[in-house]
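Listed in order, the protein sequences are those of chains H and V. Per the working numbering, residue 1 is the first one in the first sequence, and the count goes up by one each step. Per the working numbering, residue 1 is the first one in the second sequence, and the count goes up by one each step.
Hints are computed from structural coordinates only; laboratory data are not their basis. Hints may contain errors.
Said to hold, decoys possible - Straight-line C-alpha distance at most 27 Å; calculated BS3-like pairs for lysine-lysine:
1. V:Lys23 to H:Lys295
2. H:Lys23 to V:Lys295
3. V:Lys22 to H:Lys263
4. H:Lys103 to H:Lys23
5. H:Lys274 to V:Lys225
6. H:Lys22 to V:Lys262
7. V:Lys263 to H:Lys295
8. H:Lys262 to V:Lys263
9. H:Lys23 to V:Lys126
10. H:Lys126 to V:Lys23
11. H:Lys22 to V:Lys263
12. V:Lys263 to H:Lys274
13. V:Lys22 to H:Lys295
Stated by the list, open to error - Far from chain V by the CB rule (all over 10 Å, computed), these chain H residues:
14. Asn72
15. Ser122
16. Glu183
17. Ile314
As the list claims (entries may be wrong) - Partial selection, computed: residues in chain V whose CB lies under 7 Å from chain H:
18. Ala141
19. Pro143
20. His146
21. Cys153
22. Asn155
23. Ile157
24. Val158
25. Ile297
26. Thr298
27. Lys302
28. Ala304
29. Ser306
30. Ser311
31. Ile314
32. Gly315
Ideal Cβ positions, reconstructed from N, Cα and C, are used throughout, including at glycine.
Protein chains: 2
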Amino acid sequence: MKAALIGLGSVGRGVAEMIAQKKPGITLTGIADSKSGRICNEGIDIAAVLETKRTSGFCGDTAISAHDVITNADYDVLIEVTPTNALTGEPALGYIRAALLRKKHIVTSNKGPIALAYKELSALAKKNGVALRYEATVGGAIPIMHTLEDGLCGNEIVAVRGVLNGTCNYILTRMAAEGLTYEQALMEAREMGYAEADPTYDVKGIDAAIKLVILANTIWGNGTKLDDVDVTGIDLLTPDALRLAENGDCTIRLIAEAIPAKKILRVSPRLIAKDHSLVIEGSLNAITLETDMAKEITLIGKGAGSVETASAIIGDILYIRDHYDRRA
Amino acid sequence: MKAALIGLGSVGRGVAEMIAQKKPGITLTGIADSKSGRICNEGIDIAAVLETKRTSGFCGDTAISAHDVITNADYDVLIEVTPTNALTGEPALGYIRAALLRKKHIVTSNKGPIALAYKELSALAKKNGVALRYEATVGGAIPIMHTLEDGLCGNEIVAVRGVLNGTCNYILTRMAAEGLTYEQALMEAREMGYAEADPTYDVKGIDAAIKLVILANTIWGNGTKLDDVDVTGIDLLTPDALRLAENGDCTIRLIAEAIPAKKILRVSPRLIAKDHSLVIEGSLNAITLETDMAKEITLIGKGAGSVETASAIIGDILYIRDHYDRRA
Chain H
1 MKAALIGLGS VGRGVAEMIA QKKPGITLTG IADSKSGRIC NEGIDIAAVL
51 ETKRTSGFCG DTAISAHDVI TNADYDVLIE VTPTNALTGE PALGYIRAAL
101 LRKKHIVTSN KGPIALAYKE LSALAKKNGV ALRYEATVGG AIPIMHTLED
151 GLCGNEIVAV RGVLNGTCNY ILTRMAAEGL TYEQALMEAR EMGYAEADPT
201 YDVKGIDAAI KLVILANTIW GNGTKLDDVD VTGIDLLTPD ALRLAENGDC
251 TIRLIAEAIP AKKILRVSPR LIAKDHSLVI EGSLNAITLE TDMAKEITLI
301 GKGAGSVETA SAIIGDILYI RDHYDRRA
Chain V
1 MKAALIGLGS VGRGVAEMIA QKKPGITLTG IADSKSGRIC NEGIDIAAVL
51 ETKRTSGFCG DTAISAHDVI TNADYDVLIE VTPTNALTGE PALGYIRAAL
101 LRKKHIVTSN KGPIALAYKE LSALAKKNGV ALRYEATVGG AIPIMHTLED
151 GLCGNEIVAV RGVLNGTCNY ILTRMAAEGL TYEQALMEAR EMGYAEADPT
201 YDVKGIDAAI KLVILANTIW GNGTKLDDVD VTGIDLLTPD ALRLAENGDC
251 TIRLIAEAIP AKKILRVSPR LIAKDHSLVI EGSLNAITLE TDMAKEITLI
301 GKGAGSVETA SAIIGDILYI RDHYDRRA
């Protein structure tokens, strides 16, 4: 498989490193960060490019843009891993559209385009006979999309519940374990690299809500939008609330939940028994699918991380290689 | 897809009922229990056959054997769900061989043939250009084989750990929760339908060991045999041992574990922290895969049950329909 990689932040670097290190049969023919790009249809020397990026801040020529790479490189699959913009989906949305029009498969970790334009993009992919895959957008390394697509194939999914934001889960775990205040736990999460400088999207529940939208559209194709989700964050929780919960053998977790039959679509801090399978520690994620035949299936794993996210992306690429027959 | 169903115990009935009820596009053209069989290449009336079976104990004509159905019916996939014989794999092994030689896909819940003859059967399937699928043999409804095959594709699996026997897990859960003796908890498990009249295979750890052998062969193709597994059961555990564990915020679970690099291959009762993701309650199963990129991924779900097992079997059949290209 020939691939073009757009985005060289933590995820992009992880993908490039894993391709170079594990040699899964993927050749990078194009690469771009926000300021430069590089095309080499015979295969880019990944180690050299990563070294250049580290020392200079650029992965290639500033005269070559991401759009140039997408338009001109020779590749089968576009790996789109630029940062999420939840309001516009750009510039990723434009990148993905351009590649789909060139009949290139898409593998992305970018929540923006999938949450905002799933219907349009999946129709465009279908029309052009290519795959649109986005395993990395929800639950990091957890193969939730594969599970929905193949693992539980034949089942009707009745409900989905999940701990979809590792930052919140870390903060809640630490508040419960050590009696920290929200502010103390957030500061610790920042120091550990689990929270960004501006944690608003995480702690207000918006990141979890975006992931819930992606899950709902994938499962039910029901045109769910971010505005449809009732969202409450964790930023107003007190140590007292957690202490009270713990005294009753319970704890508090930020749960994202969708049950179409009950018109439930919400993200909120919930009181939950400590032995419940969604009670996971630290920055983990967990997702429970409630189905008609398999009943409840829960998946737990790392919700973020450079190499963990690369696992989902490389899995998507290899899935396309192994299974995709072009239906033009 | 046309399918022949061999075995009409709890699993077979579940499969037949789900095919009749959910209409996933599977037509049964042959059916057999241990005493009778029926062939109807235009499609068997499942409701009528199940009613006949319930009232008479036979699903068809006593002059027609399972082998007759396998040899003469017109089908794409053999659904082999007769009871497991861990010593010989028979009669399932013969059924599967016969169907493979007819170039029919195999979907089975039968641990015997897969644990005993994985190498032979997978080679025979490959040679005949058909699929050999056995999702239902390990973890019931948990899509562990799909996860290994596609979900974590590209990952190296370093270790596998699991709670693979629901009977043992139920007994240990009840001993810990209520201070029951092993005998009391076993009796309760029998009353709840979680333990068989002869629970030897379960409580001695043999059932879990067979499943571990299947996992090891699937992941590493390393010719693991049941004799290679160090097996200790739960039948000698005392309430005192569990009480001691619980005092230290731990509990005891029967863990099956394979780590080839450390030459570890064992099933044994293990002391384990209560907040560990393998500590699940009741008759659930759980499996953790340790991988190089995704790190630890845990799957939790129902390890048994008529409809839950049917979920795995129907998922396998639909996977063959959607993905399998014949490589003769």
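Going by Cβ atoms only, is V:Ala304 closer than 7 Å to chain H?
11 Å, violated
Taking 27 Å as the top limit, are the C-alpha atoms of H:Lys23 and V:Lys126 close enough?
Since the Cα atoms of H:Lys23 and V:Lys126 sit roughly 26 Å apart, the hinted pair holds (cutoff 27 Å).
Does V:Pro143 meet its interface restraint, that is, does its C-beta lie within less than 7 Å of any C-beta in chain H?
Since chain H brings a Cβ to about 3 Å from V:Pro143, closer than 7 Å, the hint holds.
Next pair to validate is H:Lys22 with V:Lys262; report whether the Cα-Cα distance is within 27 Å.
22 Å, holds
Please check whether V:Ser306 passes as an interface residue: C-beta within 7 Å of a C-beta belonging to chain H.
10 Å, violated
Given the proposed pairing of V:Lys263 with H:Lys274, does the C-alpha separation stay at or below 27 Å?
Not satisfied, since the Cα-Cα distance of roughly 35 Å exceeds 27 Å.
Are the Cα atoms of H:Lys262 and V:Lys263 separated by 27 Å or less?
50 Å, violated
Keeping to a limit of 27 Å between CA atoms, is the pair of V:Lys22 and H:Lys295 held or broken?
15 Å, holds
Let's test the interface hint: is any C-beta of chain H closer than 7 Å to that of V:Thr298?
With a minimum Cβ separation of about 4 Å from chain H (threshold 7 Å), the hint on V:Thr298 holds.
Under the criterion of a CB-CB separation shorter than 7 Å, is V:Ser311 in contact with chain H as hinted?
4 Å, holds
Would the hint on V:Ile314 be counted as holding, given a Cβ-Cβ threshold of 7 Å to chain H?
4 Å, holds
Does V:Asn155 meet its interface restraint, that is, does its C-beta lie within less than 7 Å of any C-beta in chain H?
6 Å, holds
The earlier numbered hints that this structure contradicts are 5, 7, 8, 12, 17, 23, 24, 28, 29.
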